[in-house]
Amino acid sequence: MNSSRVLNIILGAYVVAIFIFVFAPILFSVVFSFNSQRFPTIPLGSFSTEWYVKIFNDPDIWKAALNSLIVSISTAIIATVLGFCTAYSDFRYNFRFKGPYLALILLPPTIPLIIMALAMLAWLSKLGMSGQLWSIVIAHSVLTAPFAMAIIRLRLNQMDPDLESASWNLGGSEWATMRYVIIPFCKPAIISALCLAAAVSFDEFAVSWFVSGLNKTLPVVILEIVQGNIDPQVNAIGTFVFLISMTLVILAQTFFVYRQTKSTEK
Amino acid sequence: MTKPLVTIQNVQKHFGDFIAVKEINLEINEGEFLAIMGPSGCGKTTTLRMLSGLEEPTIGEIRMNDKVMNKVKPHERDTPLVWQSLALFPFLSVVENVEFGLKMRGINKAERKRRALEWLEKLDILEFSERDISTLSGGQKQRVALARSLVLEPKILLLDEPLSALDAHLVIRMQAVLVQLQRELGITFVYVTHSQSEAFAMADRVVIMGNGEIAQVGSPKDIYRTPQNQFVAEFVGRNNILSGVVASVTKSNAKIEAQSGTFIVNLEKNLLKKGQDASFVISADLVHLSQSSPKSENKIQCKLISEEFVGSMVTLFLEDINNHEFKVQMQERELSKYDLKPGSDIWLSWSPKSAHLLTGN
Chain A
106 MNSSRVLNII LGAYVVAIFI FVFAPILFSV VFSFNSQRFP TIPLGSFSTE WYVKIFNDPD
166 IWKAALNSLI VSISTAIIAT VLGFCTAYSD FRYNFRFKGP YLALILLPPT IPLIIMALAM
226 LAWLSKLGMS GQLWSIVIAH SVLTAPFAMA IIRLRLNQMD PDLESASWNL GGSEWATMRY
286 VIIPFCKPAI ISALCLAAAV SFDEFAVSWF VSGLNKTLPV VILEIVQGNI DPQVNAIGTF
346 VFLISMTLVI LAQTFFVYRQ TKSTEK
Chain B
80 MTKPLVTIQN VQKHFGDFIA VKEINLEINE GEFLAIMGPS GCGKTTTLRM LSGLEEPTIG
140 EIRMNDKVMN KVKPHERDTP LVWQSLALFP FLSVVENVEF GLKMRGINKA ERKRRALEWL
200 EKLDILEFSE RDISTLSGGQ KQRVALARSL VLEPKILLLD EPLSALDAHL VIRMQAVLVQ
260 LQRELGITFV YVTHSQSEAF AMADRVVIMG NGEIAQVGSP KDIYRTPQNQ FVAEFVGRNN
320 ILSGVVASVT KSNAKIEAQS GTFIVNLEKN LLKKGQDASF VISADLVHLS QSSPKSENKI
380 QCKLISEEFV GSMVTLFLED INNHEFKVQM QERELSKYDL KPGSDIWLSW SPKSAHLLTG
440 N
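Top line first, the protein sequences correspond to chains A and B. First residue of the first sequence: 106, per the working numbering; consecutive thereafter. First residue of the second sequence: 80, per the working numbering; consecutive thereafter.
Among the hints, a few may not be true.
[Unchecked claim] So the derived list for chain B, only partly shown, Cβ under 8 Å to chain A, looks like this:
#, residue
1, S131
2, H154
3, W162
4, G180
Quick caveat, the hints were computed from the structure, so don't treat them as lab data. Yeah, the Cβ is synthetic: ideal placement off N, Cα and C, and Gly gets one too.
Chain B extracted, bound-state conformation (with noise of 0.2 Å):
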């Protein structure tokens, strides 16, 4: 592998008595999309202003090439920030904003322009180089917002929520743009968000952040299917967890006697002795509907609460005899097969494979 372009070692915050970032490590690589994702307070946008600079670590180091960085000011960094406000500079013209950081660099006039209108006419914004900020709708002063981070050409991009206040649909237009940007420029991006959503569309590697530590490291599909510990899993969403004691082990797999029922799960290392507790996930995505009790190993039966539509995937909310909840995902055509209203009772099924043990606390 590449040396990492940005090394977090040991890193804390604290402000005051209130420890906003625990002790986080992460190397960062070069060229790479890392989203940084966790419920607010997790201390997700703390570690993007210490990486520009604008805070300083407590404890602990943050280098970029090899170079310690903490004492450096932000304007003497090359880590421009994609702001959550945007923070777009409302007297200036589209094209002065795209221009500040390289007049701050005392680039001359005619070049700082000649770049700016380059990056303008990148992000098909050029028409409105001329324009006041507060004329341009969401999704155009988000390009400027981005225009004026790239202009600098930067070996690395913070963004803080940057689509947050944009229009579903919008959102994913400016996605498709914030990777493609990403892939041709080859810069590392570092991109803070809470929506799983973005996290997972765009980035090569997600950090999941909880309580100001990290919870998980790994690629969008590690986190989504094997989830290390609950912290994750119940982040993810649409899991369904399990928790019980071990029944019996054998080499590959393991019975967990939960309240809901007794349940196998497929075991990749045996790391459970008997008598242990265990908790797993089953991706709500996993898990089979049918009328009358099927002949898994895995089955409850559940009665459906409620149903929510989005396009053509639907999730249903089901709870079995012990009122454990239960998610349910699945396409809207496969769900017409049956004939299920709220109140409905419904078995769930799951293979041994699909379960996923929790190794983490």
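Isolated chain A (complex conformation) (with noise of 0.2 Å):
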């Protein structure tokens, strides 16, 4: 008993220690970001909301914001419907071909986005359809539709295939089952994919900075600051973006794993 209980202390321990390893170095953003001093050194100079109020009053932050909620609402939308068909077309029919087209849709994330973001630039700029907002949309909608796939095919699997067949025998045509039985089952991971697409979406740097041009993100506009000079906005900036992503994410976990435990108890 003694025995599992220093092993509790050191496994606890041991947790902590990974959390402290992956989240410090935001934590320090965070705390540099109220400093009132130029550079990140310690000890810390006096609480500031000065960075803050600068990049309040800045407003190419505010368009490189509005960018970034656009692109990331967009893509979220275009993800979430592109996974959640290729989802139900995986659970619903056989057809032949059907393992190299899920290989295929779920191929995206597993190639390095510097790759794919100079594929995207070529492609794009050879179509005459690069630096432009919805390029990036376009871009990022390839990226994250996997991820959406993903999370609504593990929904789907949860259905009892029954369910389909009883709207059907109560009268519900194919589409009206699709309005009234598929989308509401499925909605939680819908929410949950619309969530994790923006999150990943509104991080995005390196294909966003190929493909933007002129159209610039928050991750964009937080590299030409760090590029230009030593400016304690991007500590910021970087808090303001940490903020969105962890509540996006959060979001999702939440939808997904909550709605998951309700369902299968029976």
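Need the complex rebuilt from these two chains, each delivered in its own frame; the hints are there to steer you.
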């Protein structure tokens, strides 16, 4: 009993250590964003919201934030629609080359981002479509659709296959069944997929930087500030971006996990 | 007789090379409680799915009210099904589940709620109307599933082993509910099950299926007392089957020489010739026990192997000298008259009237 208690303490400490390792840099960035001194050194200066005021008054940052918002919302919607359709086609139908079909759909996240970004830039500029806000949306949708597909597919797996037939049997056409049975059943996964795709898109830098042209998103602006000089503004923007992403990811998790446990308990 | 509500004519169902339903012909009458019973894989569920339109017959025709239904899609039919898995919508409340079919039929909100609540009340689950499906017990879910189908006021209700997930005592209660509903509403129930007790307790007519074919159609009593063939006799379970060669035939009975002895079987019609193979059955509850050799023409000495109690009824499993198994069913209090232990010798006997010749193959 005593030895298991010691083990528990050690394991607990280990987990805490891992969390510190992962979150310390972000935490520092948050701390320095409220620090009055220009350089990130210890001892800290006084508490200050100077950097937040500065970014708040910077129209470029507002523009970038707006761009990021538009891109991530559009991406979330497109990726989730695509993900839902592929997940449903996998769930419902059997067809030739289904294996390769699924492999191709799930491929994008396995490609190194920088390669993906270069390829996107080359391709979109050939088509005369680069440098637009929606070029980023296209690229991000390609990147995030597989995540949406995976989340929704898992949810469909939990569905009693009789549910669909039951709806037809009660007079629901195929479309009505989609509208009143399949989509409501997948709703928690759909919300989860929307949040996750939005979070990935909101954070994503490499692809955005390559295809954005003059329509910069927040991560691109951060890089530009860092390249120019040392400016604690980045800490402030970083904190802001981190908060939004974390919120989205936590929302995604909550919907996914909470609804799953609820629907599986009988 | 009235015209049948449903006619199944020469229907076959193939899945690739696999033939689930070989060829069935069946008429289902208006207002009857029909049970389709058989072991798993006998094609009973496939038959039910064809009635609901979820499967299309490969060959043959299904007509309802004289209309050929083969190409009619499930949602264009009025054949609600109560699923083995219940298939209730987990994201809807109880009352919303019941409203679903009415909603699909475009009935306005107030009206469908009124009708749904009416059915919840009929099935005694009105108090749960706003609850989540996941908070209900098995029996309550069962009632929701019934209400969801019955609210559509169909002419025919299909049920696919609806009670198989329930506890034994609930099964009996739900059987009573089902029978009462069926009598009250006068609609046709087609009830698929592998459980003999469910089918016999509720149905007006029972269809026994085996290997994708209909083995026998008849009232529960017909099936129980006069099985037509070995398949039915074995499936019905508490039967003793003996096979042998016809030694002599008179107008009213036949003498059959089996491995375990020679037995007399009463005949209603004479279908036998001397020297022919023949099998007959004796229901386990028509066999008598005696300590010493009885006067009966049909008797055999056995050893007791084991006993099985179901409430006040007991089934004895015995074997004769040739290791042929016999079953005897009797009241427990009757059994206590005999002092039986596994291994005890005992005589079995039965009247020639109790023996029933198997005419099919």
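Structure-based check of each hint:
no.: 1; hint: S131; in the structure: 6 Å, holds
no.: 2; hint: H154; in the structure: 5 Å, holds
no.: 3; hint: W162; in the structure: 5 Å, holds
no.: 4; hint: G180; in the structure: 4 Å, holds
Checked against the numbered hints given earlier, this structure breaks none of them.
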